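The chain contents come next:
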Amino acid sequence: MNTIVDTKTANKPRQAATMQGETSAQGSDTPSLSIVMEDRKASRANPAKASAEKLNFWYGSNQALKNINLVIPEHQVTALIGPSGCGKSTFLRCFNRMHDLQADTKYEGAITLRPDNVNLVGPETDPIEVRMRIGMVFQKPNPFPKSVFENVAYGLRLRGINNKTELAERVEKALRGAAIWDEVKDRLNDSALALSGGQMQRVCISRALATEPEILLFDEPTSALDPIATAKIEELITELRQRVTVLIVTHNMQQAARVSDFTAFMYLGELVEVDATSKIFTNPAKKATEDYITGRYG
Amino acid sequence: MEADEQAAAAGVMPSKRAPGGAGSHAGSDPLEGHTSKTMDQSLTELRTHAVEMGGLVIDQVGTAVKALLDRDLRLAELVLSREPLVNGYELRLDRDTLTFIALQQPVASDLRATRAVARVALELERVGDESKKIARFAAKAGAASEHDPVVAVARYLRHMAALSTTMLRSAVRALDEASPELAREVLALDKELDAEFATAIRQLMSFVMEDHQFLRATIDTIFALKGLERIGDHAKNIAEQVLYMVEGERPGRKSA
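Chains A and B, in that order, give the protein sequences. If you're matching positions, the first sequence starts at 5 in my numbering and goes up one per residue. If you're matching positions, the second sequence starts at 3 in my numbering and goes up one per residue.
A few of these clues could be false.
[Stated by the list, open to error] Derived pair list, reagent style EDC-like, types lysine to aspartate or glutamate, alpha-carbon separation capped at 16 Å:
(1) A:Lys70 / A:Glu274
(2) A:Lys283 / B:Glu249
(3) B:Lys39 / A:Glu216
(4) A:Lys236 / A:Glu224
Keep in mind that the hints were calculated from the coordinates and are not lab data. No experiment lies behind these values; they were computed from the predicted model shown.
Using the sequences and the accompanying hints, generate a full structural model.
Structure (structure tokens):
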């Protein structure tokens with residue numbers, strides 16, 4: 005658990021191995037052992053960036069999360085899947101204390117953020133502080149009714165950065181990071197609301213990236229986008245893990261399979277199973293997971 | 003088993019799930035029960051076609067060996083004439099599994115079942131090839147003589163044909179019924195088949211040492227024996243695919 009696996013090398017062999025396995029049909033006695041080993045190596049987890057420990061959560065008297073224990077590996081993408089109402093969005097929102105904005109909610113247990121072991125849901129922890137470190141991107145692109153530049157600069161200004169050169173540099177860096185710089189570099193002063201849906205979503209990702217968060221939360225980030233815009237966001241998420249740890253909620257199972265390293269399946273407020281994505285989508289351990297991903301649920 | 007035997011002789015292997023099949027355990031099949039009925043239907047069709055192909059191929063093996071032992075040219079030609087049918091099944095299953103993956107995006111047990119069908123079709127096609135080679139040898143072998151390598155190992159040819167078709171039948175039924183027990187029976191039989199092959203080869207060696215005249219025929223007979231041994235390997239591969247389909251682990255490859 006101490007070795008940091010480079011995400012690039014950690015994930016490429018997995019795909020290569022699958023291809024190899026598919027083509028070497030002859031003499032199925034021999035090929036798979038090395039592939040299985042390759043696979044295990046690829047899915048080895050990085051050290052934890054955060055971990056939920058005995059996390060419970062209530063909306064009033066309704067318990068939405070039940071004793072969740074989940075490790076979020078650093079610089080990898082963890083996908084949360086499950087039917088509507090299973091608590092996956094509720095769980096995601098605990099990470100940046102979104103529930104604090106709503107009355108009559110209660111946390112119990114902990115989400116420990118490394119390396120300084122802050123309990124994100126602890127009453128002693130300032131939610132504003134938490135949101136500085138944990139960024140979030142929502143289902144519907146929600147840029148502020150401001151220019152592209154000001155959208156991305158917003159969080160930086162809040163942090164007291166007003167130096168024009170520094171702002172310009174960091175805005176450009178964030179826009180490049182979200183793979184939208186080339187498309188908006190000549191329209192930085194146009195309203196962000198004039199962009200296409202996919203572009204708006206990438207501006208929102210830039211806005212989240214500008215403050216250099218440690219974890220980026222995505223709540224169904226592509227459900228309002230067309231397939232091309234979706235592919236761009238997915239590609240972006242795959243690249244982003246080199247810089248941040250990603251936690252994504254998605255209803256699109258193929259999306260979870262494409263972008264994530266680990267997949268967690270939740271049902272009725274409980275965490276049913278978590279494993280390497282390649283394992284979950286080929287041979288899940290729990291029948292409930294199998295039924296859900298193969299479309300036998302309900 | 004008697005009914006199965008007869009059906010197989012006619013080149014048909016009735017699927018347990020096919021319309022008109024036994025169907026007594028309908029609904030208990032682990033690969034059914036999807037919310038989407040299209041998914042259920044497509045998967046069932048794929049497996050049914052693989053089972054049909056299996057029936058045809060098993061009959062090809064039995065007929066080819068019978069043609070060789072009885073020097074029956076008509077049977078040899080029957081095998082050769084049905085070879086394109088076998089290839090047709092393989093092409094169709096290859097195409098259908100690819101389409102199914104593209105359109106339905108199966109995962110987990112569904113994905114494993116889809117791949118199992120594609121691989122089983124490939125194995126069965128190779129069994130068809132082995133039968134074709136045996137039939138070709140039968141077609142050109144001519145009348146049996148007193149001193150004939152085929153006659154010398156007839157007992158082994160007959161036994162190996164029986165063993166390999168039994169293995170194939172259990173392997174295909176294992177696919178049909180998603181039964182790991184049947185698949186394991188196949189794996190257990192392979193050692194016996196290999197032992198028979200080794201004994202037959204020893205027999206042929208002493209045969210050829212006594213008389214060099216039938217060297218060509220002896221080599222062909224070795225190929226026929228080897229073909230039957232390979233058919234057992236293909237049956238074993240099918241059984242392993244079924245085990246992976248049902249259990250998600252390859253037999254003997256559970257990593258620590």
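For this session: Given the hint that A:Lys70 pairs with A:Glu274, test it: the Cα-Cα distance must not exceed 16 Å.
Result: holds, 5 Å
task: With a cut-off of 16 Å on the C-alpha distance, tell me whether A:Lys236 and A:Glu224 pass.
output: holds, 14 Å
Check your understanding: Taking 16 Å as the top limit, are the C-alpha atoms of B:Lys39 and A:Glu216 close enough?
Key -> violated, 47 Å
Query raised in the report: Has the given pair, A:Lys283 with B:Glu249, been kept, meaning a C-alpha gap of at most 16 Å?
Result: holds, 13 Å
Hint check: a violation occurs at hint 3 only; the rest are consistent with the structure.
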